[in-house]
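Use the sequences and the hints to build the structure in full.
Keeping their order, the protein sequence lines are chains A and B. In terms of the working numbering, the first sequence has 26 at position 26, counting the first letter as 1, and numbering is strictly consecutive. In terms of the working numbering, the second sequence has 61 at position 61, counting the first letter as 1, and numbering is strictly consecutive.
None of these hints come from the bench; they were simulated from the model. Any given hint could turn out to be false.
As the list makes no split between identical chains, a pair holds if one copy fits it or if it spans any two.
Cut-off 20 angstroms, straight-line C-alpha distance, at most; resulting in silico cross-link-like pairs (SDA-like, lysine to any residue) [stated by the list, open to error]:
#  : residue 1 : residue 2
1  : K10       : A131
2  : K10       : D129
3  : K70       : H122
4  : K121      : E133
5  : K160      : T23
6  : K132      : D14
7  : K121      : V13
8  : K84       : K161
9  : K87       : G42
10 : K10       : F130
11 : K121      : D2
12 : K121      : G109
13 : K10       : K132
14 : K10       : T144
15 : K132      : Q4
There are 2 protein chains.
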Amino acid sequence: MDQQLQIAVKIVVDNFTMTLTRTSKLFDSLTDEELQGEVSPGRNTGVYILGHLVAAHDHLVSLLGFGEMKYTHFHEAFFKNPDKSGKEFPSIAQLRSDWNTVNETLTTGMATLQPEEWLHKHTAVSEEDFAKEPNRNRLNVLMTRTIHLASHYGQLLFLKKG
Amino acid sequence: MDQQLQIAVKIVVDNFTMTLTRTSKLFDSLTDEELQGEVSPGRNTGVYILGHLVAAHDHLVSLLGFGEMKYTHFHEAFFKNPDKSGKEFPSIAQLRSDWNTVNETLTTGMATLQPEEWLHKHTAVSEEDFAKEPNRNRLNVLMTRTIHLASHYGQLLFLKKG
Numbered sequence: 001m002d003q004q005l006q007i008a009v010k011i012v013v014d015n016f017t018m019t020l021t022r023t024s025k026l027f028d029s030l031t032d033e034e035l036q037g038e039v040s041p042g043r044n045t046g047v048y049i050l051g052h053l054v055a056a057h058d059h060l061v062s063l064l065g066f067g068e069m070k071y072t073h074f075h076e077a078f079f080k081n082p083d084k085s086g087k088e089f090p091s092i093a094q095l096r097s098d099w100n101t102v103n104e105t106l107t108t109g110m111a112t113l114q115p116e117e118w119l120h121k122h123t124a125v126s127e128e129d130f131a132k133e134p135n136r137n138r139l140n141v142l143m144t145r146t147i148h149l150a151s152h153y154g155q156l157l158f159l160k161k162g
Numbered sequence: 001m002d003q004q005l006q007i008a009v010k011i012v013v014d015n016f017t018m019t020l021t022r023t024s025k026l027f028d029s030l031t032d033e034e035l036q037g038e039v040s041p042g043r044n045t046g047v048y049i050l051g052h053l054v055a056a057h058d059h060l061v062s063l064l065g066f067g068e069m070k071y072t073h074f075h076e077a078f079f080k081n082p083d084k085s086g087k088e089f090p091s092i093a094q095l096r097s098d099w100n101t102v103n104e105t106l107t108t109g110m111a112t113l114q115p116e117e118w119l120h121k122h123t124a125v126s127e128e129d130f131a132k133e134p135n136r137n138r139l140n141v142l143m144t145r146t147i148h149l150a151s152h153y154g155q156l157l158f159l160k161k162g
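Shown next, in the form of structure tokens:
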């Protein structure tokens with residue numbers, strides 16, 4: 001057991017978890033009406049960002065090797081197209097439930113990994129490319145997704161009224 | 001040399017640097033007029049967030065052990081008080097220059113650290129507490145500041161017009 005690696009990996013994992021917990025608490029504190037608002041005039045609605053984050057974390061489940069994507073039907077509405085594209089959204093209740101489900105899959109999978117396994121390649125890189133670029137591993141994917149989540153968290157704060 | 005630790009540390013450092021580069025490019029692309037706008041109605045101005053990030057990165061320089069804080073006079077206007085508190089701000093030109101200066105000090109210091117040194121304690125924790133909580137190290141501080149920077153980056157995007 002490499003204790004130094006264990007400490008470094010735990011820092012990234014714990015900070016992802018902290019950012020996720022904070023974002024989930026924010027979603028829980030927002031009413032459906034608040035979620036339907038735009039984070040800034042003419043920008044994304046909270047509903048779009050919620051669906052976008054479900055799709056992103058569904059992709060993360062797949063990249064980390066915890067299973068197939070389950071929300072590929074979200075990618076059209078929440079990834080390939082911008083907000084207000086006319087694509088139909090699931091209900092807010094459904095999105096809230098999907099957010100919890102995808103994150104449970106994610107955190108359950110994360111809990112099974114040993115520190116060394118975080119340095120294994122993620123599923124979207126070939127063995128050949130990984131041999132040349134050992135940073136294309138699970139830990140890097142989690143770190144980039146933490147940054148992605150944090151940037152949307154900062155925006156979602158604006159939905160809170162009063 | 002612990003190669004696994006080296007890879008893990010590089011991931012955190014590179015992702016901080018990427019987030020910093022992205023944010024600096026965004027600041028450079030914003031006009032003074034855009035920076036004076038609010039990121040969302042009734043929320044912080046770009047100028048306040050710029051000063052706030054200078055103060056945060058000045059504190060980071062100190063936490064990582066690269067020197068004393070140089071912008072303690074910013075803490076009153078950009079940390080202890082909210083935006084529009086009536087506290088006087090430096091000019092935007094000065095803030096832009098200070099942002100580059102503090103980040104040069106930061107990245108120059110970061111470049112001198114060996115992977116193992118990232119796991120040493122940060123300057124605001126005692127030896128006793130660090131012995132009990134080895135995660136209170138430089139790497140953790142950098143990770144939390146990356147999340148902080150990313151959350152403001154997401155907000156600053158709204159200042160861009162057209």
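From the Cα coordinates, with 20 angstroms as the cut-off, is the pair K87 and G42 best called within, between, both, or neither?
-> within (17 angstroms within a copy, 31 angstroms between copies)
Give the relationship of K84 and K161 under a CA distance limit of 20 angstroms: within one copy only, between copies only, both, or neither.
-> So K84 and K161 pass the 20 angstroms test across copies only (19 angstroms; inside, 22 angstroms).
Using 20 angstroms as the alpha carbon limit, work out where K121 and D2 are close: within a copy, between copies, both or neither.
-> both (19 angstroms within a copy, 18 angstroms between copies)
Between copies, within a copy, both or neither: which fits K10 and F130 at Cα up to 20 angstroms?
-> between (23 angstroms within a copy, 16 angstroms between copies)
Within a copy, between copies, both or neither: where do K132 and D14 come within 20 angstroms Cα-Cα?
-> between (28 angstroms within a copy, 17 angstroms between copies)
Intra- versus inter-copy proximity for D129 and K10 (alpha-carbon distance at most 20 angstroms) = Between. Shortest inter-copy distance 18 angstroms satisfies the 20 angstroms Cα cut-off; intra-copy 26 angstroms does not.
Go through the copies and call it for K121 and V13: within, between, both or neither, with a Cα cutoff of 20 angstroms.
-> Result: close both inside a copy and across copies, 16 angstroms intra and 19 angstroms inter.
Between the shortest in-copy and the shortest cross-copy C-alpha distance, which are at most 20 angstroms for K10 and A131: within, between, both, or neither?
-> between (24 angstroms within a copy, 16 angstroms between copies)
Pop the pair K70 and H122 into one bin, within, between, both or neither, using alpha-carbon distances up to 20 angstroms.
-> Within. Shortest intra-copy distance 18 angstroms satisfies the 20 angstroms Cα cut-off; inter-copy 42 angstroms does not.
Should K121 paired with E133 be assigned to within, between, both, or neither, using CA atoms and 20 angstroms as the limit?
-> within (9 angstroms within a copy, 30 angstroms between copies)
Copy assignment of K10 with T144, given that the CA separation must stay at most 20 angstroms = Both. Shortest intra-copy (16 angstroms) and inter-copy (13 angstroms) distances satisfy the 20 angstroms Cα cut-off.
Intra/inter-copy verdict for K121 and G109 if alpha-carbon distance must be at most 20 angstroms = Result: close within a single copy only, 15 angstroms intra versus 30 angstroms inter.
When held up to the earlier numbered hints, the structure conflicts with none and fits them all.
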